[in-house]
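In the order they appear, the protein sequences are chains B, C and R.
Under numbering that gives the first Met the number 0, the first sequence has 4 at position 5, and the numbering climbs by one with no breaks.
Under numbering that gives the first Met the number 0, the second sequence has 16 at position 17, and the numbering climbs by one with no breaks.
Under numbering that gives the first Met the number 0, the third sequence has 78 at position 79, and the numbering climbs by one with no breaks.
Possibly wrong hints are sitting among the right ones.
To be verified - The list that follows gives simulated cross-link-like pairs (lysine-lysine, DSSO-like), each with its CA atoms no further than 27 Å apart: (1) LYS108/R to LYS161/B; (2) LYS105/R to LYS171/R; (3) LYS171/R to LYS75/R; (4) LYS161/B to LYS171/R; (5) LYS108/R to LYS171/R; (6) LYS75/R to LYS105/R; (7) LYS182/R to LYS223/R; (8) LYS223/R to LYS108/R; (9) LYS152/R to LYS161/B; (10) LYS108/R to LYS152/R; (11) LYS105/R to LYS161/B; (12) LYS264/B to LYS133/C; (13) LYS108/R to LYS75/R; (14) LYS152/R to LYS182/R; (15) LYS182/R to LYS105/R.
What the hints assert, rightly or not - Taking beta-carbon pairs under 10 Å as the criterion, some of the chain C residues facing chain B (in silico): (16) LEU64; (17) LEU100; (18) ILE104; (19) ALA109; (20) ILE127; (21) GLY188; (22) HIS245; (23) ALA259; (24) THR285; (25) ILE289; (26) VAL298; (27) LEU302; (28) LEU306.
Claimed, not checked - With the Cβ distance kept under 7 Å, some of the chain B side facing chain C (calculated, not the full set): (29) GLU86; (30) VAL95; (31) THR102; (32) THR105; (33) GLY109; (34) VAL221; (35) ILE259; (36) ILE265.
Hints listed in this document are in silico derivations from the structure and should not be mistaken for laboratory results.
For each residue, glycine too, the CB sits at the ideal point set by N, CA and C.
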Amino acid sequence: MGTFIQLVVDGLSTGSIYAALALAIVLVNQSTGLINFAQGAMAVFSAYIAYVFVGWGVPTILAILISLIISFVIGAVVERLLIRRFEGGDPDTAVVVTIGLLTLFTGICGWLWGYNNRQFPSLFPLDTINVFGAVISVRSLGTIAVLVAIMLLLQLLFIGTKLGLALRAVSFNPTSAALSGLPVGRLLMVGWGLAAALGAVAGALVAPQLTLTPTMMDTALVYALAAVIIGGLNSPIGAVVAAWGIGVLENLGAVYVPFIGHDLKIAVPFIILFVVLLLRPQGLFGRKVVVRV
Amino acid sequence: MSQVSDLLRRPWVRWLILLVVAVVLAVLPLMLPVFVNQTLTRIGVYAVAVLGLNIIMGYTGQIMLGQIFFLGVGAYVTAYGVVNDWNIVVIFIAACVIPALLGLIIAFAAARLGGLAIAMVTIALPIIGVPLAKRLSDLTGGSQGTSARFSSAPDWTGLYDDQWQYYVVIVIAAVAFALAYNLVRGKYGRAMRIVKENEAVARSMGISPYRYKVMAFTIAALFGGASGFLYMVAVQYTSPETMAFHHSISLLAAMVVGGAASIAGSLIGGIYYVLVPQVTNAIDPTITAISQGVILVAVLFLLPGGLVSLPRVIRRIFRRRSGGTDQTPSPQPTPPATQAEGSETERQA
Amino acid sequence: MTLLELEDVTASYGNVQVLDGVSLSVPENGAVGILGANGAGKTTTLRAISGTVRTTGRITFEGRDIRGLRPEQVAKLGIAHVPEGRGTLGQLTVRENLRVGAYLRKDRKAIAADLDYLLELFPQLRQRISSSASALSGGEQQMLAVGRAVMAKPRLLLLDEASLGLAPSTAKAVYEAVQRLRKDSGIAMLVVEQNANLAFTVVDSATVLETGRNVLTGSSAELKGMDEIRRAYLGG
Chain B
0 MGTFIQLVVD GLSTGSIYAA LALAIVLVNQ STGLINFAQG AMAVFSAYIA YVFVGWGVPT
60 ILAILISLII SFVIGAVVER LLIRRFEGGD PDTAVVVTIG LLTLFTGICG WLWGYNNRQF
120 PSLFPLDTIN VFGAVISVRS LGTIAVLVAI MLLLQLLFIG TKLGLALRAV SFNPTSAALS
180 GLPVGRLLMV GWGLAAALGA VAGALVAPQL TLTPTMMDTA LVYALAAVII GGLNSPIGAV
240 VAAWGIGVLE NLGAVYVPFI GHDLKIAVPF IILFVVLLLR PQGLFGRKVV VRV
Chain C
0 MSQVSDLLRR PWVRWLILLV VAVVLAVLPL MLPVFVNQTL TRIGVYAVAV LGLNIIMGYT
60 GQIMLGQIFF LGVGAYVTAY GVVNDWNIVV IFIAACVIPA LLGLIIAFAA ARLGGLAIAM
120 VTIALPIIGV PLAKRLSDLT GGSQGTSARF SSAPDWTGLY DDQWQYYVVI VIAAVAFALA
180 YNLVRGKYGR AMRIVKENEA VARSMGISPY RYKVMAFTIA ALFGGASGFL YMVAVQYTSP
240 ETMAFHHSIS LLAAMVVGGA ASIAGSLIGG IYYVLVPQVT NAIDPTITAI SQGVILVAVL
300 FLLPGGLVSL PRVIRRIFRR RSGGTDQTPS PQPTPPATQA EGSETERQA
Chain R
0 MTLLELEDVT ASYGNVQVLD GVSLSVPENG AVGILGANGA GKTTTLRAIS GTVRTTGRIT
60 FEGRDIRGLR PEQVAKLGIA HVPEGRGTLG QLTVRENLRV GAYLRKDRKA IAADLDYLLE
120 LFPQLRQRIS SSASALSGGE QQMLAVGRAV MAKPRLLLLD EASLGLAPST AKAVYEAVQR
180 LRKDSGIAML VVEQNANLAF TVVDSATVLE TGRNVLTGSS AELKGMDEIR RAYLGG
């Protein structure tokens with residue numbers, strides 16, 4: 000029983016990291032209609048920025064907040080300068096552009112900081128607590144708490160504020176929103192900025208565990224993409240639930256299904272993805288999408 | 000300039016050029032140093048891989064991030080066959096057919112799903128492939144990989160090893176390119192392009208998008224497997240690292256930079272894939288990734304058709320300078336009626 | 000005083016020319032109709048004003064040249080466009096749609112008062128205030144679209160084919176509400192309508208477009224009396 004609880008909690012914790020990245024991907028998709036394959040690499044770059052500030056003696060939490068703000072700006076600038084041109088066009092071309100960004104950001108990290116592993120300080124103390132015989136790390140609980148807090152904040156933003164309303168309006172129908180005077184371009188930049196900030200949180204949460212390298216979030220990206228598709232491309236809740244599900248099932252699968260084991264547990268999200276898509280092509284929480292000729 | 004393009008249009012001129020190129024290619028390795036031959040050989044290997052990728056992604060428009068997996072499978076099949084003393088022809092056929100079969104099965108299941116789902120399935124291939132290769136160590140030699148020395152030059156040819164490898168790869172690659180050229184020029188190529196353009200339109204014309212996606216995917220896998228065999232000819236060693244996911248990204252970048260939906264572009268892609276890292280690694284290994292990123296983004300912005308479209312673009316610039324009418328319509332904002340209706344635009348799941 | 004003036008405006012989509020020299024003017028507090036058959040360029044004229052299509056010619060609003068401005072900028076100047084097809088933000092609720100309309104405004108109390116006024120003008124909307132806009136009927140969505148535009152407190156309202164797809168009684172109800180709106184607020188209006196009868200219940204004058212050009216202009220009374228209009232647009 001103890002092991003089970005441990006696996007579930009740890010699974011929710013890693014799932015929360017996928018969830019943060021998945022939320023970023025959903026946000027970008029909602030506002031600009033494309034899937035950002037570089038979301039993970041941008042998150043890594045944000046983590047490196049925080050690392051630099053920590054190296055200059057700034058307390059960890061402050062360094063992360065600073066990197067959040069810088070990431071917001073970078074995300075907004077990337078949308079305006081690099082992505083804007085490809086919005087509303089062929090979505091596959093846009094994907095290739097984001098893959099180009101992926102290479103670019105990874106390359107920048109590698110060029111500036113090399114490919115060796117760097118130690119990133121943990122936000123949370125390395126203690127553990129004992130619950131029903133399970134040994135649970137404070138860090139796992141902290142990660143889950145951060146994700147829940149993020150979700151509440153996003154909900155507050157989107158439902159309760161004028162900016163959130165504007166972001167939603169623009170994501171559903173930018174031309175119509177413009178007719179009411181909404182500054183569409185600026186709002187798209189905000190969308191990307193927010194997503195980049197979300198990525199920065201994900202990066203900061205996972206870096207202590209995985210150690211900081213340019214390719215640190217490549218796997219997390221794949222998990223996040225799977226979560227987004229499983230949850231339904233346009234559903235933030237769906238993405239989070241799916242991400243948690245992937246995190247937990249992956250852990251359980253590794254331990255309880257000997258065939259999978261730890262080396263093949265990466266197959267779990269894909270198996271889930273395949274099954275869900277075959278049964279329900281629009282994802283668990285998604286809406287059916289109309290195709291126009 | 001127009002006289003040159005008129006001249007190029009005559010069929011006998013094209014055959015002459017082809018003959019000259021063939022002769023040059025045949026004579027080259029006898030004169031060049033080992034290192035250059037090896038580089039040219041590797042270009043041939045990856046050009047075939049990019050060619051396969053182009054067929055499914057460039058021509059048929061499906062995002063495919065798993066081409067390196069099929070190369071890896073082809074390489075492993077080759078290694079296994081060599082280690083178990085199969086006939087070389089059988090090895091080659093197996094290296095092509097087994098990945099093709101895998102591609103067929105995967106495509107059967109995945110092609111019904113939307114574009115992004117197909118992309119995810121193709122991502123799964125190398126990502127699951129690498130740990131799988133490590134696990135199935137009886138077949139694959141595990142993390143150590145397998146060595147297969149089989150492409151030493153036979154005595155009767157009197158060639159050096161690197162020259163023999165060069166000839167084997169170039170000949171097979173040439174055949175692959177010729178086959179692909181015929182495929183895309185013919186009715187299959189046209190059908191694939193229509194499927195890429197708009198599936199609903201394709202369906203209304205009696206073209207089944209599903210069938211063509213499966214076909215294109217299988218062909219891509221077949222070319223991938225063939226390139227895996229060629230890889231073994233050139234390198235004579237394979238390991239799980241051969242099919243690592245980041246190679247798939249590099250192949251995709253090479254395809255885009257060379258020229259999507261272009262046979263010649265695939266060759267340029269192969270050249271790009273091999274040469275750029277060689278050059279950047281010689282200067283400073285840490286700039287390799289960032290240079291590739293910059294080049295890819297630059298190409299997407301400035302030359303979306305890839306390097307193969309450079310002559311066309313230059314010609315257009317000259318035509319505009321000399322006051323000729325520019326054929327391309329200037330971009331107009333799309334009439335917002337369709338969007339203003341509040342209807343959902345197509346989003347591929 | 001002239002609020003809006005179009006002079007010799009052309010517009011094209013790609014290589015297809017849709018407007019071939021359209022001129023009209025809307026006086027302050029006035030209401031002008033744009034009539035004509037399908038494809039005459041009526042909708043495109045409105046799009047030319049709100050900046051959603053590229054044009055040549057002169058378009059001035061309150062004396063200033065607005066041609067070439069982006070839609071957001073045109074909206075900021077006080078022009079509210081109710082587009083063809085209504086442009087409802089389907090996934091938002093009725094209340095949220097109306098709030099989006101008031102996006103550019105900062106006067107909270109006045110916004111709340113205007114919201115109340117609109118819900119009184121369109122009682123069906125009050126009933127469905129928390130429903131998702133996509134769940135509304137065609138007529139209700141049209142009312143919502145008009146309401147959203149009015150929430151911006153515009154000086155000029157562009158109304159595009161408000162009767163499209165609606166049952167005759169529903170269309171009549173919408174136009175009655177628009178009439179009341181005009182009386183209560185004095186907003187100037189430019190109304191595009193295929194159904195000339197409906198248009199004449201609101202507008203003081205109109206221009207008839209054919210293949211992108213004005214072919215007839217006059218007061219509602221004059222036009223109603225003309226045989227051509229009667230035959231072509233009023234059914235005999």
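Quick rundown of the hints versus the structure:
| no. | hint | result |
| --- | --- | --- |
| 1 | LYS108/R to LYS161/B | holds, 16 Å |
| 2 | LYS105/R to LYS171/R | violated, 34 Å |
| 3 | LYS171/R to LYS75/R | violated, 30 Å |
| 4 | LYS161/B to LYS171/R | violated, 34 Å |
| 5 | LYS108/R to LYS171/R | violated, 32 Å |
| 6 | LYS75/R to LYS105/R | holds, 13 Å |
| 7 | LYS182/R to LYS223/R | holds, 22 Å |
| 8 | LYS223/R to LYS108/R | violated, 42 Å |
| 9 | LYS152/R to LYS161/B | holds, 18 Å |
| 10 | LYS108/R to LYS152/R | holds, 13 Å |
| 11 | LYS105/R to LYS161/B | holds, 11 Å |
| 12 | LYS264/B to LYS133/C | holds, 14 Å |
| 13 | LYS108/R to LYS75/R | holds, 20 Å |
| 14 | LYS152/R to LYS182/R | holds, 15 Å |
| 15 | LYS182/R to LYS105/R | holds, 25 Å |
| 16 | LEU64 | holds, 8 Å |
| 17 | LEU100 | violated, 19 Å |
| 18 | ILE104 | violated, 13 Å |
| 19 | ALA109 | holds, 8 Å |
| 20 | ILE127 | holds, 5 Å |
| 21 | GLY188 | violated, 18 Å |
| 22 | HIS245 | holds, 7 Å |
| 23 | ALA259 | holds, 9 Å |
| 24 | THR285 | holds, 5 Å |
| 25 | ILE289 | holds, 3 Å |
| 26 | VAL298 | holds, 8 Å |
| 27 | LEU302 | violated, 13 Å |
| 28 | LEU306 | violated, 15 Å |
| 29 | GLU86 | violated, 12 Å |
| 30 | VAL95 | holds, 6 Å |
| 31 | THR102 | holds, 4 Å |
| 32 | THR105 | holds, 6 Å |
| 33 | GLY109 | holds, 5 Å |
| 34 | VAL221 | holds, 6 Å |
| 35 | ILE259 | violated, 10 Å |
| 36 | ILE265 | holds, 6 Å |
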